[in-house]
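Going down the list, the sequences are from chains A and B. Positions 1 to 314 (this note's numbering) are the ones given, in order, by the first sequence. Positions 1 to 566 (this note's numbering) are the ones given, in order, by the second sequence.
These are calculated hints, taken from the structure and not from any lab test. Careful: at least some of the hints might be erroneous.
[Unchecked claim] Which residues of chain B face chain A? A partial, calculated answer using Cβ under 10 Å: (1) Pro42; (2) Asp45; (3) Gln224; (4) Asp441; (5) Ser461; (6) Asp474.
[To be verified] Example chain B residues on the side facing chain A (calculated, C-beta under 10 Å, incomplete): (7) Gly149; (8) Val221; (9) Lys223; (10) Lys383; (11) Phe442; (12) Asp465; (13) Gln515.
All C-beta atoms in this analysis are idealised placements derived from N, C-alpha and C, irrespective of residue type, glycine included.
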Amino acid sequence: MRGTLVYTGQRLVLIAFTALAVSSIVFIGIHLQPGSSLLTDRPSNPVRLQQLLHQFNLDLPWPQQYWIWLTHAIRGDMGVSLSSNRGESLTPVLLREAGVSMTLGFFAILFTIFVGIGLGTLAAIRQNTWVDYVASTAAVITYSIPPFVWAFLLIIVTVTYLYTLTGGAIYEDIGWGKPEQIPVPALALGLPYAAIVARLTRASMLEVIRQDYVRTAWAKGLTGRVVVVRHALRNALIPVVTILGPLVTAIITGSVVIEFLFGIPGLGKEFVNSILSRDYNITVAVFTAYAVIVGFANLAVDLSYPLLDPRIRY
Amino acid sequence: MRPSGLRAWAVTLGFIPILGLAACGSSSTSGNLAKDQTLNVPMQDDVAHLDPADIDAATDIPILQNMFVGLYKFDDKLNIQPYGAKALPDVSSDGKTYTFHLRSDMKFSNGDPVTAQDWIYSWTRAAKHNAAYEGNLSPIIGADDVANGKATSISGLSAPDANTLVAKLSAPAGYFVTMLAMPTETEVVDRKVIDKAGDTAWTNDASTYIGSGPFKMTARVPKQSMDFAPVANWWGGSTGTLTHVHIDIGIDQVSQVKKFESGGYGVVGPLNQNVDTDDVLRYQNDPVKKSLLSILPGVRVTGLGFNFTNGPFAPAKVTPGQPTTHTPDDGLIGREAISMAIDRAQLADVACVHAVTCAPATGGPIPKGVKGYLGDNTDQYAKFDATKAKQLLDQWDPGKTKRNGIKIRYNASAINDKIFGNVQAQLKANLGIDVATAPSDFPTLLAERKNKTILGLFRESWGMDYNHPQDWFDNLSICAQAGVGKGNNEGYCNPALDTLVASADAKQLDQALPQYVQANKILVDNVVWVNLIYGTNQFLTQKWVSGEGNNGFYDYEWKEISLQQH
């Protein structure tokens, strides 16, 4: 237990350093980009521009600007928006958006895990039957199609076709705020990754179900569910869990396009908009938030290893 | 092993997406109007500013025009109508004193009365904020001093009584009333509320976000949604039939149409956005759906700009802000060649859904539908003539050196990629020159244009603010705007044009129009822009929505919209 706490502490320090490094690199990167959120295609008023630069500390040297941002960020103040409703505090907006993205990501990961492991297991225990062929072929097709294409297909099917087919009784209501608006974008986001997990689970299960201890379990007369779930699947999941870290990262960053298409007010959409509008505070905050979220997701995956394999200790 | 259990699991998982789908409620009706008078509308980008004093983006105007009131407004046919004023102002014989008689029954949505002092407070505050449309107050004596921090009150404003506002101008400005009708900085705000809630914080809460228009904000989740309701007992009379306007923010253009098709939106297209061109084509070609598509007039021109201060198309190299009327004009023939080598009809066909979403620009920079438009086919350099263009090119560049390495800088978007991709192809086909396209994001284009660092060609585009040619010249074509960082991106500076415009600005429009037309012709003759296309506004409107539209500049007010039985 103590080892786990130490390990967790070390990782938290690492996450903090990662956040610091990401924020400083992004800060420099975004400031190097030409243009500014204070410019519009209206004729510029130099006096006004100077006033705004001063108001938002943009007339200070970069290191000073970064220090101000950092000291405020540590206190939980992400600064103010420079573009949309200029001057509005960003912290509540970004917290809400992070919550939205994490909700979407959570359901996408849930879908990825359950569908991926379920199909992979099914394909393995029914190896070389039509179930296996269908599941394997579907998995290959599914992960060959990127999430944004799935998103378009799902929008066409669940919004337009379903609405027409059911006379408006059932359809996907694009947007965010209602529980029923979560599954379809989560599906679009998680589908390709579910296919990857399915392929990996199948391969891993095929290896495990041929092990002596599984044969012994069958010989003991245990039920299929106990043999598959308790003895085979648990051990087969270790390589699957290994890829969950990168998978979580991919799902989080992959939400950018999905959020755009489904009109979901999450960090992903902010991620793109802030760069295009040169809203420095948002860009740095969002990149840093992503770094922290990914760091915590990886930590959670690493901490789950001992639950699956008692031989692993921290 | 019990496969049946696994099968059940798989089947359940298969239904996960279906379980989440929404059920559509059908609206009950009363008479011809739908019982539920909620208008759902999407917009791609959140408003840039909620404070009228800070407006600097076209996205703000269609929202704020329903919540705030200026002295005048444009009706659906672009006529100027009194709004906060009782009638058009009394103008002194020297054209420098405007006396506005205000409505005495005007109130803010919280019940506070609106007096002449509120107008003075609002205009002074707007000048202090010094945002993009502060120029609308510039004609008033002392307004620019407030903007530049040299004074705290506008010396040219006074209120002889609660219902009279007097504005003294530093020079006659025939465009002043037109400019006041633009729903921006000159709208009135409630001093009591702002003093209490804070100069910036008052817009952050629906309870303190008070205007005097027919609608008030009831809820807002930044970058997600906004909700509005009509003001009860509005001083201006009826607020129409809508009981609720809900705006979804940040919905992708394509997804907007999909949701429209499932009845989720009453209309797509207002709030300063357009319908995706592929969807326009789809609706255009569908005999049933075609009736839902409206192509409304737009007052935007898109073209190519040249750098007049440096580079191959400049008359001569000069410091930005200095006159560019060098004789001989070393770049003129080159600019003519570029302009005549582009077949606008082909461009509109390729880029604008067979010329549905835009029209070839053949009548100069001020777009069709705006006062000061020169008329169809009046721009001699907009007439496509590949042979003449090639001759001009060779005349301009006999050594074949100037034509090398030309780039077109534009901000990347689906429509811009089509426009400038076609321009590139036409210049190759008709002039034999390899022009590279250099797409960037919008801030990069803005910065480079304003700083006059682009030596080749660049995207120019301007949506007129109000129906007066002064809007074009004073913002885009005079020497005062030609310096580095200013709005005349070409750096074109012609003192003769400035004199002409200044003279026209001082007169009422009917007298000034010939001079504006003359100034417009100067821009055409000097090929300051290669005017390519005039834009349109595209709306998709459900059959059950009536009263929605756009007059070219602004959306129709929400109080005109009603929802019919469906």
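Outcome of the hint check:
1. Pro42: holds, 7 Å
2. Asp45: It holds, given that the least Cβ distance between Asp45(B) and chain A is near 8 Å, below 10 Å.
3. Gln224: holds, 4 Å
4. Asp441: holds, 5 Å
5. Ser461: Cβ of Ser461(B) sits 8 Å from chain A, so the hint holds.
6. Asp474: Holds, because the Cβ-Cβ distance from Asp474(B) to chain A comes to roughly 8 Å (cut-off 10 Å).
7. Gly149: This interface hint holds because 7 Å falls under the 10 Å limit.
8. Val221: holds, 7 Å
9. Lys223: holds, 5 Å
10. Lys383: violated, 29 Å
11. Phe442: holds, 7 Å
12. Asp465: Nearest chain A Cβ about 9 Å off; hint holds.
13. Gln515: violated, 21 Å
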